[in-house]
Amino acid sequence: MTPKARRWLFAIGMAGLVACYLWAFHGLPGFGNYPGPYGPEILSRAIPETNATGVVSAINFDYRGFDTVGEEFILFAAAAGMSVVLRRLRGEREQEQDHSPADEVMHRNVAPTSSALRVAALILVGPTALIGWWLATHAQTNPSGGFQGGVILASAFMLVYLSGESIAFRRLSPVHLLDVAEAMGAGGFAAVGLAAVVQGLPFLYNYLPLGQSPGAVSSSGTIALISFLVGIEVAAAFMLIVGELLEQTLLRREGSS
Amino acid sequence: MTPHAVMQVLQVVALVLVAVGATVVVRTRERVRLVIALSAYGMLLAILFFVFQAPDVTLSELTVGAIALPLILLLAISKVRKPQ
Amino acid sequence: MTVFPFLVVAWIVAVGLYGLITSRDLIHQIVCLIVVQSSTYVLLLGVGYVTGGVAPYFYDIGRRALAVDPVVQALALTDVVVEAAVTALLLSLAVQAHKRFGTLDPHDLAEFKG
Amino acid sequence: MSQLFPLSVAVPLLVAAGLLAFRSLLQGKRHVRGLVAVAASASVAVMLLVLTLRTGAGSAYWFAGFHPSGGVAIGIDFTAGPLNAGLACLGAVLMTASMIFAWRYFTQVGAYFHVLMLTFLAGMTGFCLAGDVFDLFVWFELMGVSAYALTAYRPEERGPIQGGLNFAITNSVGAYLSLTGIAMIYGRTGALNMAQISRYVSTHPTSGLVVIGFLLIITGLLVKAAIVPFHFWLADAHAVAPTPVCVLFSGVMVELGLYGIARMYWSVFGTALGHRAAISHVFLGLGVLTAIVGALYCFRERHIKRLLAFSTISHAGMFLAGFALLTPLGLAGAALAVLAHGFVKGALFLGAGIVLHRLHSVNETYLHGRGRHLRLTGAMFTIAALGLADLPPFGTFLGKGWITDSAAGAANHGVAGGPWLAAVFCACSVLTAGAVLRVAGGVFYGLGDPPGEDPRMAAEANEEKGESDSGRQRTPLTMLIPTGVLVLLGVASGIAALLPRFAVALETAAARFQDQQAYASLVLGGAQPAHPAPLYPQVPPDVTAAAVIAALCSVAGAILLALTALYWRRLPVLRKGYEPGRGLQGLIESFQSGVINDYITWLVAGVAALGGILALVIR
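Protein chains in written order, with our numbering: chain A, 1 to 257; chain B, 258 to 341; chain C, 342 to 455; chain D, 456 to 1074.
There may be inaccurate statements among the hints.
[What the hints assert, rightly or not] Estimated spans, in silico, between C-beta atoms of each pair: (1) 1046/D / 48/A: 56 to 64 Å; (2) 449/C / 269/B: 42 to 50 Å; (3) 824/D / 198/A: 52 to 60 Å; (4) 994/D / 4/A: 57 to 65 Å; (5) 207/A / 487/D: 46 to 54 Å; (6) 2/A / 874/D: 40 to 48 Å; (7) 448/C / 259/B: 53 to 61 Å; (8) 4/A / 827/D: 45 to 53 Å.
[To be verified] Residues from chain A that keep clear of chain C, each with C-beta distances beyond 10 Å, as calculated: (9) 125; (10) 130; (11) 225.
[Said to hold, decoys possible] Derived contacts from chain B toward chain A, CB cut-off under 8 Å, selection only: (12) 323; (13) 324; (14) 325.
Please keep in mind that the hints were generated in silico from the structure rather than gathered at the bench.
Only a predicted model underlies this, so the values are computations on that prediction, with no experimental measurement involved.
Beta carbons: idealized from backbone N, C-alpha and C, even for Gly.
The following block holds chain A by itself, in its conformation from the complex (with noise of 0.2 Å):
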């Protein structure tokens, strides 16, 4: 197809489609006006059944919790995809488990750093882990949970890479550990599904006590315990996908040096 023909075949379409969107948009109740009657009904019952605060960790967590498990598994799914994808192509592999990662680094020209961005981001890295640390086990009572705190404590040890010590980097993430780190994440949280289930109980029953009142953080039963797990694998994960980006572009510039 030319570029004339598509755009001409595109406009034509786009504007059925915006024209669809228009007429559908027209049946639903003005922007404020949400009906319900699924979200009220979780806001009337999560707090005395769950006795957590934050009811969309609640949802997420424990009464949508399947789509979490879900949601994990694709995470894990697109890591492991990566890890796939980039095996390094024939010319630069050597034999596998010939050495260790952090050997290959270790032989390698990085890029100097200018020393002001390397001391500010090593002072960042306490603080930023910590944030991360926070976010991940306060599911039940702030607006945050395992996913936002994964991310973070993730970004913590890419402050460390960007802080010029990407050998330390490599020896804080070697790949196996990773690996091992989001395997326990994610399969974890299906295991405490499993748990339920031998049991007796439907699968992620919230077995565990909820605590005497609602916002502690001990409070809410698995609620804190699967944020937990999710927060591992989420950080695992990214660590994972920036580590094998990194990697690549290492042995780039290896190359081009």
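The hints should help you fit chains B, C and D onto chain A, whose structure is shown.
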């Protein structure tokens, strides 16, 4: 102005910014600028979600849309800069 | 205001898809795909909004306060993860394609048809 | 039994996580890894088989124990009926077969292969059983992400990786449009559970929102099902993906898209959309168009994997036509045809995999006569090709027979269809099976004239070299046995369908699948609905003379066509410089030039066109 009216103004402003942001991202063809535009777009979306009363989504959009994704993109771009 | 957020959704989809079909750079196309997906977040949060509602967190406010729909927020969160995963995988495919053929132009890549 | 619901998804996921966690421990122990993965997949197949046989009128399972209250679904549910659990079971069986096949297929099967195959399996199972539209989307995406990665498995080899990219981008756009539809429907009904949405939309006046919501939700599924004009990605993905993965793409993933469309129509939107005849015409038109386009593309293809992929597109069109008749018999026929096609097409792909493994090419022209020594493979490939041509007693014969019988009596039901559908099916079967038989005759028996030296051929010959382990002189049993078993299962499905008990059960299951009210009360009320007896058939559908004649015609036609294609140079009419299929090239390129931009343009245009048609017929 009542709080509702203030909220509404904020929402309209955020929506307009998001619409403009999306257009800018799509119109940007140079790769590094594209990443910067995408990061800014993620930030705008985060603001929109905040005024939509969704702090949870705001936080993840900030961490993913404005930071993690642009970072991954940058790494990928540095990988494909020139044919070897 | 009653339909404005939804019009923005339609606009985002339209520009995202426009970018996707006119682009000759895979990286740009992947970014356009992110834009298309971002329309779904806006739509999800838009349909669940309640005028005058607060965020669904009851740590320090009364339990009976009017709140926006928490379900769409949970869905949007899931959606964000899906976006990150799909994008990462697509980028790795693009990197690989570039490595092999030295180009990211879909038209050039189509020459290597199997 | 109810615990089988979560186990059928959780087991493959946990095993996948375990394989990854113990990756370094299992380094070099490929047999342990393979055994664990095959065992997991086989156990899922058994669980789903039990679920299929025991579920009866259908059953629902609520995760985390959140049962619906007052007609509002609080949590997420899985529902199983014989049709959807059976389809998931087909997926698990094909998965097991292809993992066994892969055992010696790759020089080294990395842990990631099994991990991704198992997440793919979990995605398929979750998709089949999900009773919640957003949950459906999540499993759809898990299936998608695993499939994109598997497509690009072994990217070291020379070959077009952008097949994977085209696949991923087209499917993602479809999925996001689906999600948009889900959000729209949620904005009105405040529900994500299919039964709850169905109750809302059938008791409220049908607005544009419902029509477009339905259209957008099925867009992602139409893309997955490779229905014209959403089909372009499929052949690209098949050309790149490793052959064991192609078995799953063709045998079950495409059919899952069709299942999703049927589920959305029959469990959610059917009553609201009303106007049965109009909807029926729309889907029948799409199905027939897809069947014909797929068959034409199939016949002109020389790359065996792409050829088989186009044959899948053609068959997907026929299955869609079966669903579009909106009768229990049509749906039962489609279900049976899907089952048999899954086995037969799986066997054909595995046969192509053996050819690739032994002869290092999937180019039909290059392979001419080179497969003579692969006698067993050739025999199995040929028998499976005849199965594709509806040879009785393959299940494809009765499945398509039921569809065309139902179409012939369509006038009585006030829906689209007619005796002409049998002719269309026959023509498409002749074309696709003729192409496959041409391959079989040329490659395994050296029939036909040796092809002239094609300058492109030499370049293409080594294209696929090395996807597979090379230098072996024998075909391993781990490759031959799964292929043979799949051929046998294809025959067995047809013989089973000749038993009155099985046929009645299948048609009853189809009738229950089409009972929207019963589904809603099963899910939301938890009750097995009591039904007036006459709703369900008591007598098995006849094996009509028309169906037998049609099947024999298509077998004979396919053989004739294959021979004509092999010996066309000797035919006086065709001798003068005519090359079959070449004239189409320019026409095809004016529609699409193999770039993702074109695919997305057609996707948008297709959705808009469907929206316009639906707007006209439903008001």
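For each hint, the structure was consulted:
Distance hint check: the CB atoms of residue 1046/D and residue 48/A are about 59 Å apart, consistent with the given range 56 to 64 Å. Against the hinted window of 42 to 50 Å, the Cβ-Cβ separation of residue 449/C and residue 269/B comes to about 43 Å, which satisfies the hint. Against the hinted window of 52 to 60 Å, the Cβ-Cβ separation of residue 824/D and residue 198/A comes to about 59 Å, which satisfies the hint. Range check, residue 994/D to residue 4/A: Cβ separation about 59 Å, and the 57 to 65 Å hint holds.
Between residue 207/A and residue 487/D the Cβ separation comes to about 33 Å, which falls outside the hinted range of 46 to 54 Å. For residue 2/A paired with residue 874/D, a C-beta distance near 42 Å keeps the hint of 40 to 48 Å intact. At roughly 55 Å, the beta-carbon separation of residue 448/C and residue 259/B lies within the given 53 to 61 Å, and the hint holds. About 50 Å separates the C-beta atoms of residue 4/A and residue 827/D, a value consistent with the hinted range of 45 to 53 Å.
Remark: the non-interface label on residue 125/A is consistent with the geometry, its nearest Cβ contact in chain C lying 22 Å away (cut-off 10 Å). The claim that residue 130/A is not at the interface with chain C holds, since no C-beta of that chain comes within 10 Å of its own (minimum 20 Å). The claim that residue 225/A lies off the interface holds: its Cβ sits roughly 18 Å from the closest Cβ of chain C, which is beyond the 10 Å cut-off. Given hint, residue 323/B at the interface with chain A, is violated; its Cβ is 11 Å from that chain's nearest Cβ, farther than 8 Å.
At its closest, the beta carbon of residue 324/B sits 6 Å from a beta carbon of chain A; the interface hint therefore holds under the 8 Å criterion. Hint status for residue 325/B relative to chain A: holds, with the closest Cβ pair at about 6 Å, below 8 Å.
Violated hints, in rising order: 5 and 12; the structure is consistent with all others.
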